[in-house]
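Q: Chains as they are written, first to last, in the numbering used here: chain B, 1 to 196; chain R, 1001 to 1196.
Since the hints were derived computationally from the structure, they do not count as laboratory data.
Possibly wrong hints are sitting among the right ones.
Here are the computed distance ranges between Cβ atoms for each label pair [unchecked claim]:
#1 B:LEU184 with R:THR1031: 25 to 33 angstroms
#2 B:GLN156 with R:GLN1038: 31 to 39 angstroms
#3 B:GLN156 with R:ASP1177: 22 to 30 angstroms
#4 R:GLY1176 with B:PRO15: 26 to 34 angstroms
Some residues of chain R that are not near chain B, with every Cβ distance over 10 angstroms (derived) [what the hints assert, rightly or not]:
#5 GLU1036
#6 GLU1042
#7 THR1070
#8 ALA1154
#9 ARG1155
#10 VAL1160
#11 GLY1176
#12 ASP1177
Keep in mind it's a predicted model, so treat the numbers as computed, not measured.
The beta-carbon is built from N, C-alpha and C at its ideal position, and this holds for glycine as well.
2 protein chains.
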Amino acid sequence: MNTLDLLVRSIARLPGLGKKSATRIAYHILTNDRSEAQRLAELLHTLHDTIRRCSICGSFTESDPCDVCTDQGRDRSTICVVEQPQDVAALEASSEYHGLYHVLGGVIAPIEGVGPGDLTIGRLVRRAGESGIQEVIIATNPTVEGDTTALYVARQLETVAGVTVTRLALGLPVGGDLEYADRLTLARSLRGRTSL
Amino acid sequence: MNTLDLLVRSIARLPGLGKKSATRIAYHILTNDRSEAQRLAELLHTLHDTIRRCSICGSFTESDPCDVCTDQGRDRSTICVVEQPQDVAALEASSEYHGLYHVLGGVIAPIEGVGPGDLTIGRLVRRAGESGIQEVIIATNPTVEGDTTALYVARQLETVAGVTVTRLALGLPVGGDLEYADRLTLARSLRGRTSL
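The task is simple: from the sequences and hints, build the whole structure.
A: See below:
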């Protein structure tokens, strides 16, 4: 198998890419300037050495603890619990949240062999118990596993005194269309209706 | 800008990928085994040194001349003219063609500043003049530029004695639906109808 086939196969293994798009990308890289391929190679080569997990919140960072955990300008009374590091980036992009984060590292999924012990729930309970923490927002995905995990985490946090546990609101997405909303979402958005 | 952002930006520059899919891929690479990232890095690093253009047909190869050009088992009386090296791979995958190839390196596109002199047309005419060549199949894309280039190439080949110039058939794609075929394709498929 030649280098080009190996490259196509390697690219096709990435999420969202099939053989056709991988081939297109490989030929694009090959046809284009060598410097672009070199830069991408360099970034991939150093990636795992440059970026590590923050020892406090568990999100990706180049310096440990991460920028969010060390930022004294943020609201240090709130912890937002997410499944994956990329969720931190998504929430940061919303510019709505200014507190701290905690990355669980996944969700409870017995079928895939992921139990509560595989997640950073113990560390979250310890962090929630630290002085000053008033609220823990559980922002796991609104899926069966995400909801189960949210409930489990909430129950673990019951032992921590003085901390309110909340969950992200469910409802229609902004710009969404009532006609095309699934009935579960519509039901939740009715139940969670707010006064105007 | 940190390494992760640089990687996302670098991936998003690849064809068919936007910022969202690039982010997803970057996090996937980061979350997964380091060895996979290393292998991809290594492939990208050596790509341009390992793979060059065949000095005869112009397609990508690890050894010059390429496997097709040196294969004495192939039909050496036919040359199939394509725009890009990836078209060679597509035709090879069809298992229908067993002759030689010639990669033009693009199409005549005056707006983008590509003239006939930027393509390997001169080399094609010389190859077509070599002993034994009986047919040149022009397999440029059925687009305005591809058709223009096909006509131009055909005219250049008029000077070569004893060589038939043909063009790939136009018609309905296999598995296609008459209802959804555009009228130009339908017209061409009528005009080129074959007897049953």
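Q: Against each hint, give a clear statement of whether it holds in the structure.
A: Here is what the structure says about each hint:
1. Here the CB-CB span from LEU184 of chain B to THR1031 of chain R is close to 29 angstroms, well matched to the stated 25 to 33 angstroms.
2. For GLN156 of chain B and GLN1038 of chain R, the hinted distance range of 31 to 39 angstroms is satisfied, since their beta carbons lie about 38 angstroms from each other.
3. The supplied range of 22 to 30 angstroms is broken by GLN156 of chain B and ASP1177 of chain R, whose beta-carbon atoms lie about 55 angstroms from each other.
4. The supplied range of 26 to 34 angstroms is met by GLY1176 of chain R and PRO15 of chain B, whose beta-carbon atoms lie about 30 angstroms from each other.
5. With a cut of 10 angstroms on Cβ distances, GLU1036 of chain R falls inside the contact zone with chain B, its closest approach being about 7 angstroms.
6. The beta carbon of GLU1042 of chain R is not kept farther than 10 angstroms from every beta carbon of chain B, the shortest such distance being approximately 7 angstroms.
7. The claim that THR1070 of chain R is not at the interface with chain B holds, since no C-beta of that chain comes within 10 angstroms of its own (minimum 15 angstroms).
8. Consistency note on ALA1154 of chain R: stated as away from chain B, and its beta-carbon is indeed over 10 angstroms from all of that chain's, at 26 angstroms minimum.
9. Annotated as non-interface, ARG1155 of chain R keeps its C-beta farther than 10 angstroms from every C-beta of chain B; the closest such distance is 27 angstroms.
10. No beta-carbon of chain B is positioned within 10 angstroms of the beta-carbon of VAL1160 of chain R; the least distance is around 29 angstroms.
11. For GLY1176 of chain R, the requirement that its beta carbon stay farther than 10 angstroms from each beta carbon of chain B is met, with the minimum near 18 angstroms.
12. The Cβ of ASP1177 of chain R lies farther than 10 angstroms from every Cβ of chain B, with a closest approach of about 21 angstroms, so its non-interface assignment holds.
Comparing the model with each earlier hint shows violations of hints 3, 5, 6; every other hint is respected.
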